[in-house]
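Chemist: Residue numbers (my numbering), protein chains in the order written: chain A, 1 to 264; chain B, 1001 to 1464.
If you're looking for bench data, these hints aren't it; they were derived computationally from the structure. Heads up, a few of these hints could be off.
Said to hold, decoys possible - To give an idea of the chain B side of the interface with chain A (calculated C-beta under 10 angstroms), a few residues:
| # | residue |
| --- | --- |
| 1 | C1067 |
| 2 | C1227 |
| 3 | V1247 |
| 4 | E1297 |
| 5 | L1306 |
| 6 | G1307 |
| 7 | T1316 |
| 8 | D1317 |
Just so we're clear, the structure is a prediction, and the values are computed from it rather than from any experiment. Where a beta carbon is used, it is the ideal one built from N, C-alpha and C, also for glycine.
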Amino acid sequence: MDILVCIKQVPGSTNVQVDPETGVLKRDSQKGKLNPYDLFALELAFSLRERVGGTVTALTMGPAQAERALLECLYMGADRALLLCDRRFAGADVLATSRALSAGIRRAGPFDLIVCGKQTTDGDTAQVGAEIAELLDIPHACNVREISPAGSGQLMAETVLEREILCVRMSMPCLVTAEKDINTPRLPSFVRKMAASDKAVELLTLDDLPDRDERLYGLTGSATQVERIFPPDNETVQEHWAGPNAELAEKLYAFLLDATLIER
Amino acid sequence: MLNRVQPQDVEYFRGLIPAERLLVGADIGSDYSHDELEGVHRSPDLVIRAISTEEVSRVLAYANKRCLPVVTRGSGTGLVGGAVAIEGGILLETTLMNAILELDERNFTVTVQAGVLLMDLSKYVEERGFFYPPDPGEKSATLGGNISTNAGGMRAVKYGVTRDYVLALRAVLPDGSVEVFGGKVVKNSSGYSLKDLLIGAEGTLAVITEATLRLLPLPAENISLLCPFPSFHQAIAAVPELLQLGVDPTAVEFFTRDVIALAEDFLGKRFPKIGTDAALLLTFDGSDAAEVEARSEKAARLCLTLGAPDVFIVDTDERKSAVWSARGAFLEAIKAGAVQMDECDVVVPRANIIPFVERVEQLSRELDMRIPYFGHAGDGNLHIYLCRDGLSKDAFEQKLGQGFAVLYEKAAELGGMVSGEHGIGWAKRGYLEDRLGPLQVALMARVKAAFDSNGILNPHKVCT
């Protein structure tokens, strides 16, 4: 089975600061890292490959330094890595991003299965996976915790709903987005790192894509424009309670129930 | 001779301490009767939750006059019964003294009250670009407790232990007098280092109320390597070679697959696959990413030549958390997986760690007993747990005695010491006497008497 995993390089720290004046992300001294949600997608793909054979290809759209995130995928076990890198892709919203990625998938494929992370830690939209599936006109399932072959060119995907697990049978090719914390992602291997060549990551530009109309990509191809970026209000509240243990236990129990953090 | 607490003593303390910070008799929760060591329990007669040096001074002055036993307790996370009021009396609890008093950026020091928690101090200084290197596993311990046991931790290989970071202590002597030992100085050749006597004294000489600690600039970069080895022997054998390589690791931790499995069960999540029976976990830190990476790669290459099938890179917050949260849970996991257990915290010269671990493995076979262990392989400090499992209580006690005797004797033969970082407390006194001999124990007793002539502070601990 040939599997493609879409990944993204995100800021290295979760404490990303936004300049309150300009609304621009302060990226100085911020090292990039692989989007944490994508680690579960990669592991899902690797474990499926271990069971049924095949290949895992990693794909991202990003600036030249996103190569580092793709190298990490190779060190973790990917067979191939592709970087969609072109100034004309810059400033893309979810639609333009999905267009570029789906065009890249068409160019590099065919693939039987596409796996995306649930969302990214920087954009947080959780929409790119589903939009890629729409643009490729293939079935998809979100928040998937497990996939297995179901015979006659089909896959069974277990999707995590609020209170149920929904098992979906899909014809390949298809796309799934991986739920978080569903596995323990493998660590990058030093042996694989030493074995990887300098040219391990294949580069694709707009000129390599099947549809080269640049109005479809980047800022000009975006259906939405960002008006303002601002950090959310920090609403951490601390309360200190004192009193006899039994009374405190009752109070805490009521509080947790009220906050729907536990069930009666 | 120590006295029991009498009603008039309680009356005196009621006049001194507000009711909400004074617990008497049945109001004293069972938590105050023990620490993390199983099997040693004794409730104090009084618990005083002190808030200031002056208050501690008044409590001690009275207790000394009346010859009432006083045991100082931080978070109660000790592992050798050090904070158990064996004679009853007064338990002086320090966790309300939790203020960070001063960050002196020019002298690279921070001054804290004794009840500040290690995790709170680390967070405070790191947010300001500073680094307090000692890193004992129990982050909810107080600094007062860390100092009183000379706690070690995972970064001792590169940075040393708590003692190496204590510049000054404010402490209350049994008669109530308050003294500052040491100062914000880098060098000090001014007579006997009384400050260093208080460090590791487990509250038997004085009550530490404030400490001035040395800080370093926060290393901007760190990376860990998880190095699987086919056998425990190969993993341990790699340690001296790694230390000689000049790559300056911050931590060199050793563990086996059995212990990982216990941590997985305990935490309910899988550890990244290593596929072998044993592993080393190395950390490297520094200010320059490329330089840190270069040192880690040199170490990784050596591990490959010494039999590691691969080396895994632990470089992002998520990966560090997956690996280090498991490492941090080993003690609790072993505890949760055992009906009863007791621990040996010996330290041997690091070049002698191989024969020691071999003896542990052999002992497990001889006693037909499960003995999981892990440790700070880089500094020769191992944590070894003798587990009761299906044994009867008596059979366990008997095997425990046999096992401990073998382990402490082997450690001594290899030039090791009874405790690497947990202290002696109540539980390890006999082994300390065996190891140090009558002359050194007598010297310790005379030091104790010089500070505490009435013997009121933490009776029956360490050497008394």
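Chemist: Next step is simple, just say for each hint if it's right about the structure.
Modeler: Hints, one by one, checked against the model:
no.: 1; hint: C1067; in the structure: violated (33 angstroms)
no.: 2; hint: C1227; in the structure: holds (9 angstroms)
no.: 3; hint: V1247; in the structure: violated (14 angstroms)
no.: 4; hint: E1297; in the structure: holds (7 angstroms)
no.: 5; hint: L1306; in the structure: violated (13 angstroms)
no.: 6; hint: G1307; in the structure: violated (13 angstroms)
no.: 7; hint: T1316; in the structure: holds (5 angstroms)
no.: 8; hint: D1317; in the structure: holds (7 angstroms)
The structure does not agree with the numbered hints 1, 3, 5 and 6 stated previously, though it agrees with the rest.
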